Amino acid sequence: MRAWIPTFCISFAAFIFVTSEFIPVGLLPDMARGLGRTESQTGTLMTIYAWIVAVLSLPLTAYTARLNRRSLMLWLLGIFVFAHVIAAFGSNFNLLVLSRTFVASAHAVFWGIATPLGIRLAPIGKREQAMSVVATGATLGSVLGIPLGTFVGQLLGWQFSFGAIGVVAAVIFLVLLKFLPTTPSKNTSTFSSIGPLLKRKDLWLVYLLTVVLMTGHFSAFTFITPYLQQVGHLPAQLVSIVLLAFGLAGLTGGFIAPKLLRDHFRLSAFIALAVVCLSLLLLKFSVSTFPTTILLVIVWGVSFVFFNLVLQNLILTIAPEAEDVAMAGYSGIYNIGIGGGALIGSLSAAHHLESIGYIGAVLVAISFGVFLIDLDSFAGLTWLFASRSL
Numbered sequence: 016m017r018a019w020i021p022t023f024c025i026s027f028a029a030f031i032f033v034t035s036e037f038i039p040v041g042l043l044p045d046m047a048r049g050l051g052r053t054e055s056q057t058g059t060l061m062t063i064y065a066w067i068v069a070v071l072s073l074p075l076t077a078y079t080a081r082l083n084r085r086s087l088m089l090w091l092l093g094i095f096v097f098a099h100v101i102a103a104f105g106s107n108f109n110l111l112v113l114s115r116t117f118v119a120s121a122h123a124v125f126w127g128i129a130t131p132l133g134i135r136l137a138p139i140g141k142r143e144q145a146m147s148v149v150a151t152g153a154t155l156g157s158v159l160g161i162p163l164g165t166f167v168g169q170l171l172g173w174q175f176s177f178g179a180i181g182v183v184a185a186v187i188f189l190v191l192l193k194f195l196p197t198t199p200s201k202n203t204s205t206f207s208s209i210g211p212l213l214k215r216k217d218l219w220l221v222y223l224l225t226v227v228l229m230t231g232h233f234s235a236f237t238f239i240t241p242y243l244q245q246v247g248h249l250p251a252q253l254v255s256i257v258l259l260a261f262g263l264a265g266l267t268g269g270f271i272a273p274k275l276l277r278d279h280f281r282l283s284a285f286i287a288l289a290v291v292c293l294s295l296l297l298l299k300f301s302v303s304t305f306p307t308t309i310l311l312v313i314v315w316g317v318s319f320v321f322f323n324l325v326l327q328n329l330i331l332t333i334a335p336e337a338e339d340v341a342m343a344g345y346s347g348i349y350n351i352g353i354g355g356g357a358l359i360g361s362l363s364a365a366h367h368l369e370s371i372g373y374i375g376a377v378l379v380a381i382s383f384g385v386f387l388i389d390l391d392s393f394a395g396l397t398w399l400f401a402s403r404s405l
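Residues in the sequence shown are numbered consecutively from 16, following this note's numbering.
These aren't lab readings, by the way, just hints derived from the structure by calculation. Nothing here was measured: the structure is a model prediction, and the numbers come from that model. Even for Gly, the Cβ is constructed at its ideal location relative to N, Cα and C. Wrong hints could be hidden among the right ones.
As the list claims (entries may be wrong) - Here are the simulated DSBU-like cross-link-like pairs (lysine-lysine), alpha carbons at most 35 Å apart as the crow flies: (1) Lys274 with Lys216; (2) Lys274 with Lys193; (3) Lys193 with Lys214; (4) Lys214 with Lys274.
As the list claims (entries may be wrong) - Computed Cβ-Cβ distance ranges for the label pairs, DEER-style: (5) Leu82 with Arg48: 19 to 27 Å; (6) Phe97 with Ala365: 31 to 39 Å; (7) Thr307 with Phe97: 39 to 47 Å; (8) Leu171 with Asp278: 45 to 53 Å; (9) Val100 with Leu387: 43 to 51 Å; (10) His367 with Leu189: 44 to 52 Å; (11) Pro138 with Asn83: 19 to 27 Å; (12) Pro199 with His248: 25 to 33 Å; (13) Asn83 with Ser303: 52 to 60 Å; (14) Lys274 with Asn83: 29 to 37 Å; (15) His367 with Ala289: 24 to 32 Å.
Please model the complete structure; the sequences and the hints are all you need to start from.
What follows is the structure, encoded as structure tokens:
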């Protein structure tokens, strides 16, 4: 079990990064009131954060490619803690933007190294399991971090939630300081490796699939709290339960993914993406009652997190020789989708909040079309029923 401690440390770090990035989803109305802004204006914090990550992911990852992974991870967590001190004590929108800029800068590097490092530190032959452990940490950020942060923020104030995240991050920093071993950089990928990597058609297909899917998902998910309150007429305390259900469902998706991806990669990926699209299409109908809302977010959460692991598997399989840079590119593209989705969602929320599910469904349907292009040889749909070992 001790051999897994470093990988679990990376997983805990993933937990706090996800919690921090998406805590505005649960606290959007509270933050808007506290900052004296509209919900649409406050929602742009998600766009700012995501696009900073998108712009900085590749260059910062290439710049830090030869640094010792232990030192780099600790520096990233130190910046993360400092940024949350600013958020906890800052009193206006501009200071919060500054805080989110620092967190986003650390995020830009973190997700480029987290999964490859977690896999590298795990016992030999445990690749899929290590990937699932890191993904589970990220999912737990949704399962526990976001709902708990939302509940605490509604009870004690949104700034208290940011401060609490900073405290947890400081504890994880100390744990990593003790257990994360000195780990020289494995890859020599620097700026010179970006050009050849970006010439890969198969990689660009995965990136295209990622950005369209994430734009669709986050055009709805960013504003899910005001949507549930205003369209579904759910009280605030039930919104936290819905977010918890989504996170628990995502955790389930992370647990079932390794075996299904190993034995039925393409078919399971096909089904998961189709279910994400259908979930968004049915969003407005499901929020009419609390039980149907819970049922829908469970299905949505399982399939969305499952397909996230599909994308990561594809990236690491396509570019094993430059996995840090490839994953940084994935993180950047992913966050272009988050930012674009948050922006589209904010425009929709300002004029017609009820439409965000339909808009998301259309975009995910487009990503589904991209996925139907055979990522290996454009050989048609027969590959859907072929297994793939990674």
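Structure-based check of all given hints:
Distance check on the hinted pair: Lys274 and Lys216 sit about 28 Å apart at the alpha-carbon level, within 35 Å; holds. Between Lys274 and Lys193 the alpha-carbon distance is near 33 Å, which keeps this suggested pair within the 35 Å criterion. Between Lys193 and Lys214 the alpha-carbon distance is near 41 Å, which puts this suggested pair outside the 35 Å criterion. Restraint check for Lys214 and Lys274: the C-alpha separation of about 31 Å stays at or below 35 Å, so the hint holds.
The given range of 19 to 27 Å is broken by Leu82 and Arg48, whose C-beta atoms sit roughly 42 Å from each other. A hinted range of 31 to 39 Å holds for the C-beta pair Phe97 and Ala365, which are about 33 Å apart. In this structure, Thr307 and Phe97 meet the distance hint of 39 to 47 Å, their C-beta atoms being roughly 43 Å apart. Separated by about 46 Å at the C-beta atoms, Leu171 and Asp278 satisfy the suggested range of 45 to 53 Å.
At about 47 Å, the beta-carbon gap between Val100 and Leu387 stays in the expected band of 43 to 51 Å. With their beta carbons about 48 Å apart, His367 and Leu189 fall inside the hinted range of 44 to 52 Å. In this structure the supplied range 19 to 27 Å holds for Pro138 paired with Asn83, their Cβ-Cβ distance being about 22 Å. Between Pro199 and His248, the C-beta spacing of about 56 Å breaks the proposed range 25 to 33 Å.
In this structure, Asn83 and Ser303 meet the distance hint of 52 to 60 Å, their C-beta atoms being roughly 54 Å apart. Distance hint check for Lys274 and Asn83: the Cβ-Cβ separation is about 34 Å, which falls inside the suggested range of 29 to 37 Å. For His367 and Ala289, the hinted distance range of 24 to 32 Å is satisfied, since their beta carbons lie about 26 Å from each other.
The structure fails to meet hints 3, 5 and 12 from the earlier list, while all remaining hints are met.
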